[in-house]
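Chain D is fixed; fit chain V onto it per the hints.
In the order they appear, the protein sequences are chains D and V. Residue 71 in full-length UniProt numbering sits at position 71 of the first sequence; the count goes up by one each step and never skips. Residue 269 in full-length UniProt numbering sits at position 269 of the second sequence; the count goes up by one each step and never skips.
No lab work stands behind these hints: they were computed from the structure. Backbone N, C-alpha and C define an ideal beta-carbon position, used for all residues, glycine too. Among these hints, one or two may not hold up.
DMTMM-like, lysine to aspartate or glutamate: derived pairs with alpha carbons at most 25 Å apart [to be verified]:
| id | chain 1 | residue 1 | chain 2 | residue 2 |
| --- | --- | --- | --- | --- |
| 1 | D | LYS309 | V | GLU271 |
| 2 | D | LYS127 | V | GLU271 |
| 3 | V | LYS42 | V | ASP30 |
| 4 | D | LYS127 | V | ASP237 |
| 5 | V | LYS109 | D | ASP280 |
| 6 | V | LYS46 | D | ASP129 |
| 7 | D | LYS127 | V | ASP164 |
| 8 | V | LYS109 | V | GLU23 |
Which stretches of chain V does chain D cover? Using the computed rule of at least three CB atoms under 8 Å from a CB of chain D, they are [stated by the list, open to error]:
| id | stretch |
| --- | --- |
| 9 | 96-106 |
| 10 | 162-175 |
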Amino acid sequence: MNTLLDDLHQMWRIRLLEEKVRELRASNDIVGSVHLSIGQEAGPVGACSVLGENDALFATYRGHNWAVARGVPVEGILAELLGRATGVNGGRGGSAYFSDFAHGFHGENSIVGAGAPLAVGAALAGKYDGTNRVALTVFGDGAMNQGAVHESMNFAAALDLPVIFVCENNSWSELTPIDEMVRNPILAERARAYGILGERIDGNDPSVVRDRVGDAIEAAREGGGPALLELMTQRLVGHYIGDPEQYRRPGELEAAREVEPIAAATRKLREQGTSQARIDEAESNARSEVEDAATAALQAPLADVSTVKEHLYA
Amino acid sequence: MRKLSYAEAVNAALRRCLDEIPETLLYGEDVGVPGGVHGVSKGLHKAFGDRVFDTPISESAILGSAVGAAMFGRRPIVEIMWSDFFLVALDQVVNQAANVRYVSNGTVKAPLTIRTQQGNSPGACAQHSQNLEAFFLHTPGIRVCMPSTPQDAYDLTLAAVHCDDPTIVIENRTLYHGAKAEVVTDGEVQPIGGLRKRRDGDAVTVVTWGAISRRVEEAAENAEVLETVWLNPFPWDEVIASVRRTGRLAVVHEANRTGGFGAEVVARVVEAGVRLAAPPVRIAVPDMRLPAAPVLANALIPDVRSIAAAISDLAARG
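Here chain D stands alone, though its shape is the one from the complex (with noise of 0.2 Å):
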């Protein structure tokens, strides 16, 4: 088997699921706002391949990329997308607050920042229920200065949870510079201030990403305690669907667009002498898997109204 060759097939699905959405966007299928992770599949392909079964992940807005690595289904995404049934969560969640246990996917949540605690938790619980689980959550640059990402590092610190922080540096926080919002850029060296293992790698790569995110949660899960990892890498997308991205600087995207994981890992095939055939394979069998979900997504039924007060208690 081709690991590179595989993970650029799981980087199409991801890509593709997000065209795919910005189609559905354009054409009002789609409400809503809705934010992609289009340069950002590297991460969650390298990172969710070394994740457990019973390890725990909690993600952002800007999560589908994540759901897709985790193994949520592309048609339940584009079906809670479109406030179908058949949505991983029936259409309560949304483009931006989807969850699917089911498949490991403990959601996306848009509340920057939020994840973190609960992640946390997943680990404490982790320490009682004989499972030895690893929680992952991931977050944005600009998560970094959220008090509540601070709490929870230092609190996974002091109590020696195994939880992975994993900080996707775009270098935008929405629309603002990270490198302005902050006196040191390198988020990774906050991690020395906590006491736990920090790290910047190569967000682009997923075997990068596999390694150094494997490394840590095999130390986390023999107790060793938290990491954060700063996956360096891009958005080559506006912050929403619509985000007419005024801010971007001179030359940015056509330099983001020379590293950005599908163009970088292609080229590496092709250098490993990898047959072009087999490359378009992997782009053509990620585009048939998402053109069927989305068809079979826009058949399902609307959510159903009659259930909307459902499940608010016990």
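Chain V only, in chain D's frame:
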């Protein structure tokens, strides 16, 4: 039957929960080894080891980790030392805990219990005196109760921990170390909900909750005093039936008047079409910050005399 103070009754309920429910955890600031700043969790760390522990002073992490642990099968009981401290971490209650079951379409639950205590006591500053129950009652998905007697402190704590919804138990520190009372500690676990009729009377229905209930009980002559120890779920039918009988309604709470839950009680009774002999009355703190000096705070918080005067005035009107 044992003679217990309010604090001892909470402690006994926590001990029983930790003993009978292996999934329970008890934690918070100074909750473990020190046994709580008010001594409520005394002895529990010693008895239950690492299921009872201290945490950093980090309310978001305390509440959020309790939500996360509850989503993963634990039954955490956490303490927010003063309800005022909720305000630095409300996100984890309102945006996280309250949404778990609903947004997951009923596939995930968050059975956590949050213990806190609130209200004024002599000398307490403006950041240690507030009564915030209305915040949580404005949040669908969260259960809320406010015990004011040792027996209710025991029963409601037990019911809260057994409840599968996120539940806030609001205690009161002025009650913790008061007189001991006989407490049944080996009864069945009660379901959530219900009220306590503290006095019989036919002139006025007085609805109240929290520590101020004790003052109301003393003050209300010829009134039916209903202490609604559970605020969510709220016993609407019983309250409305009582007002139908008496034709007069007063609501007494230590929280501020505007947006206080008393306004909701009045509104529901009116909406129910109950024929009133006189306009309903709210007896509450008059929308003020609370000053530290006891003489100043006492000028704002309803006392036995002012409650009695307001109720007898209501009884005489119409």
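Do the hints match the structure? See the list:
1. D:LYS309 <-> V:GLU271: Status holds; Cα separation ~22 Å.
2. D:LYS127 <-> V:GLU271: Roughly 50 Å between the alpha carbons, so the hint for D:LYS127 and V:GLU271 is violated.
3. V:LYS42 <-> V:ASP30: holds, 10 Å
4. D:LYS127 <-> V:ASP237: Distance ~44 Å between D:LYS127 and V:ASP237 Cα, so the pair is violated.
5. V:LYS109 <-> D:ASP280: Not satisfied, since the Cα-Cα distance of roughly 43 Å exceeds 25 Å.
6. V:LYS46 <-> D:ASP129: With Cα atoms ~21 Å apart, V:LYS46 and D:ASP129 stay inside 25 Å; holds.
7. D:LYS127 <-> V:ASP164: holds, 21 Å
8. V:LYS109 <-> V:GLU23: holds, 14 Å
9. 96-106: holds (count 8)
10. 162-175: holds (count 3)
Taken one by one, the earlier hints fail for this structure at numbers 2, 4 and 5, listed in ascending order.
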